[in-house]
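*Asks:* The lines below spell out each chain.
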Amino acid sequence: MASVASKTVYDIFQSMEYGASASTTATAARTWLEQHSQSLGLFVDGGFVRPVDRQTLRVTDSTGESHNSCSMICICAKEEDVSACGVSASAGFKAWSELSAHRRAKVLLRLANTLQRYSQCMSELCVLSECPCSSSALVRLAHYYAGWAQLRDTLMPNWTPRGVVAIVVSADCQFYSIWLKVLPALAMGNAVIVVPGVKMAAPALLLAQVFMEAGLPAGVLNVVTGDCALVARVAQSIHTSYLTFCGSKQDGELLAKQLAGWGVPTSLSLSVSAVCPFIIFESADIDSAVDGVIEAAFKKNKDWQWVLCVQESMWDSVVGRLKLRMTGMKCVPLASEAHRSLVETAVQQAVQQGATLIQSCPPPSTGGLYPPTVLCGLAPPCSAVTTPPPGPLLPLLSFRSVVEGVTLGNHSPHGQAASIWTEDLTLALETARSLKVGSVWVNSHSVTDPSLPQSGRRDSGNCTNGGKEGLYQFLCPSLTPRMPRSTPRSLDYSAFGTAASTFMVPEGFDPSSVPRSCSQFIGGKLCKADSGCIRVVSSPGGAVLAYCADGGRKDIRNAVEAALKVQPGWLRKSSAARAQSLYALADSLDKRRRDMAASIQAQTGISMDEANEEVELSISRLSDWAARCDKQSGVVPPLPQTGSAFLIPEALGVVGIVLPDTRPLLCLVSLLGAAVAMGNAVIMVPSEKHPLPAIDFIQILQVSDIPGGVVSIITGGRDQLTQALANHSEIQAIWYWGSVEGCQFLQYTCCSPLKRMWLHCEEEVDEEGGRYWTHPSPSFEEEMWREAVVWKSVWIPTA
Amino acid sequence: MSARNSTTWNLEWVSKARVNTQAVLKRAQQVQGRKVAKKQWQAAWLLKAVTCIDLTTLSGDDTPSNVHRLCMKASQPVRRDLLKNMDMHDKGITTAAVCVYPSRVADAVKSLKAANSSLPVASVATGFPAGQTPLKTRLDEVRMAVQDGATEIDIVINRTLALTGQWAALYDEVRQFREVCGEAHMKTILAVGELGTFTNVYKASLVSMMAGSDFIKTSTGKESVNATYPVAIVMVRAIRDYYLRTGHKVGFKPAGGIRTAQEALVWLVLMKEELGDDWLTPTLFRLGASSLLADIERQIYHYVTGCYAAYYELPMA
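So the protein sequences, as listed, match chains X and P. Residue 1 is where the first sequence starts when you use UniProt numbering, and the numbers rise one by one after that. Residue 1 is where the second sequence starts when you use UniProt numbering, and the numbers rise one by one after that.
Since no wrong hints were added, every one of them can be taken at face value.
Covered, in the sense of this in silico footprint (three residues per stretch, anywhere, with C-beta under 8 Å from a C-beta of chain X), are these stretches of chain P: (1) 22 to 32; (2) 87 to 97; (3) 231 to 243.
Hints in this document: simulated from the structure, not taken from any laboratory. Note that CB positions come from ideal geometry on N, CA and C, so glycine has one too.
Work the whole structure out from these sequences, hints included.
*Replies:* Right under this line is the structure:
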């Protein structure tokens, strides 16, 4: 300190240093902490509670200086705290959801005002807790979702809130990401239990207090803190009806596995561990791009990791500018000392593999600091590229052509975001469309606004946050049966669906009617099961109706191969052309309505009238989807900043569908229509009990002009095929109707690699005979098409 | 001065230039957010700004008497007692140069000589500010200013050539100016307010540097838009590009509308951030200004005394 103070004007005149910025005293935040005697409780039922004799966690503030440190103490919530919290949240939900939309909106608007009053304390506390967050961003969030709260009943009349929603955000996330989930949840009328990472407990608790001041009924927002076990406890609480997590991939995976079988729908945003491409094309403003990447990659609290991809012809200019711009950059503090060795190992390994370093200064010998470092000339297999350690490291790769640039960007298990730099408009838009990520920033990076949803693809998450699209995770269609709460059954996950099926020669063979042998439908061709095995299709009375193929994992594999080949072409067709194909399919179904009705009747034993009605409904449902093909479009959200943005619904890719037993034809066409209309390819597994209508539908598919491979139908054992679908990484989503065990298995298995899951437990006897399908609620088709797409937001700064 | 800057004509380089306006605007905001510490840091930085000022008078009513006052202020820009207090009185704090119209060069040279000052005299030339006079008279103007003793010449480029995309012709013109400048330093004014786009500014910067400019300068101070931070970022990036390719360091001079000490600090920050410490000396950075010095002196007065000075307490220019 002394040497700094004694610097004379002349010293500085010569060295031209900036000088240390005055450290903030954070008076407001410290005062607030002192009011709570430095010891923060839980926020339950509208107030702070400090149950005694709980384990505590010490959180030290960022200044870390002993003489004025103000460490905070958090409580580890115990079982009884969680159940108290659940009870209060259910009561809160009742009060909150019964308010009018306008009243809820008013609370959120008042919250925006109250937040402005607390903004000083809020941001100081965030800085102390090392999770900086601008309070204006939170205010904007509150304003934005107050609007949706007001309009919920008008614009989303057939949706209801989920109930008590648990929002879990791990410590390595941005503070903002908690509220990007909490505000839409509240706006839609849910009650929320927040489990923040310990580091950001203090500002989260303060914000809970601010919510109460704004007039939120007690119990609607609860904040509980604690260790890892707490999260599972909250999720397993009987009151919780939905859980959404934000954090790293490992934590998300662990959590998903813990929750398998509890019957709590779970969604994960795994942006923390995402690796995002930063692509600089030849036609870019190189200086701006280099400035952009330096800003994005070397800041302390990075949103995600970046990999710099540069077109080869620009390599030297980019490297030259990086070197020049990085000279004199200061070392960046690492999150912990432990990260230091991770970073060093990664750098060492990269150097061993021939990478050269651009460093602003040599790394200090010890301590939690590391200089901004670019690793030039790495090859994609290097672990610094695939799993970069947390820290100011930036791998630099090169590509030859525009096409290769996109391929390089897409060649990753992540799909969070990308930044692309080019002055060529056509190239920018084409690249934005072809990158398989949730957010694309053209000539910019990390721009966020509540109206632009962020949604991860692949391993980066299966949920959409922000925008109108981010509301639907907190809503369910009014008449949809909910997934029943359950307790996990003891299940050998590795053995699930591996039992070989045994073919039994049916008794009572009747030579007068030899049952036909039916093939499955893969890649546009009829074929036998790879194993060569067959199954018996029997009527409700037990008579043998047909023999069908007993498909297995090889058949699924073949279907996926075929689907991957044709799906991009199917997607590239104009939506009008897709509509025509689906209309034609509906037409062919119409022409064969008698056969199909007979097939339904034979299979399910319902009356001919009912069967006819089902066919009629199916034709109409297919036509609905044909009509929707070119009607479900993206939006151009109005933004507070200058710039142009748009939001596009995109196809998921290959969707695996395990069909329900009820209404076999109607379910098939409803789900097929939704997925295919939006440009996906589907692999459908007909009901094990009632496969015949699906098998007969193959003939209709064969004559349609839907390219072979877009729809595959594979018959066989449900569990076997479910297992095969779950274990194929190219399948992006699974829609499942089936057993509790199946749901549990999928929840457990499909978190790595991550899939989008739409799970339905069919175990309860369907009293209404598939009313859900025959008399759908108005939001039925909306829910389906929303399941069939992922959202991509593209942002282009313009005047 | 080591080997002087000049490069052969390279059209490909110029035509490949691309600038993204929005990214530049964002960067400009970031730069403005970078703060210099208070107290002695601010004082030191402000004194540095003083040493980079081209103290300027460019008015129709300039006469020997106000030019004389300007020269005297330029050689003693900050009150001596204030400098003494900071122990800077013997560090040769003067402005970088005085800048006048060609017809006043002789007056300025005479005044400075009388005061035993070696301060360079800069002269605007080539049909300042519009540049819309015949090439011959523009060349003559440079010659005469040099003859009268100007050691720095601020030329203006022909905007007609720039706006119509005749970059090679512009290169030739600037090259000719450079030849008649002889030993005198040449600063090339791009008049950015009249170039339309950032890409044009970037291209004009490159062309001027290739043609041998020692400095590139934003504006004449007579256009409606003068030295703005975004446009400066475009120009200093061109300087960086040029340095990376040729190894020549070309200087930068923002001018027009720079009035407050706060702005002067932002300009220094911008240079430090974009080009590094090398460009924080009068050999590579100048501030074209007239009223700026008064505000800086007041800020220094405040640092030294803790009080705000009235303008009449500080010597006028």
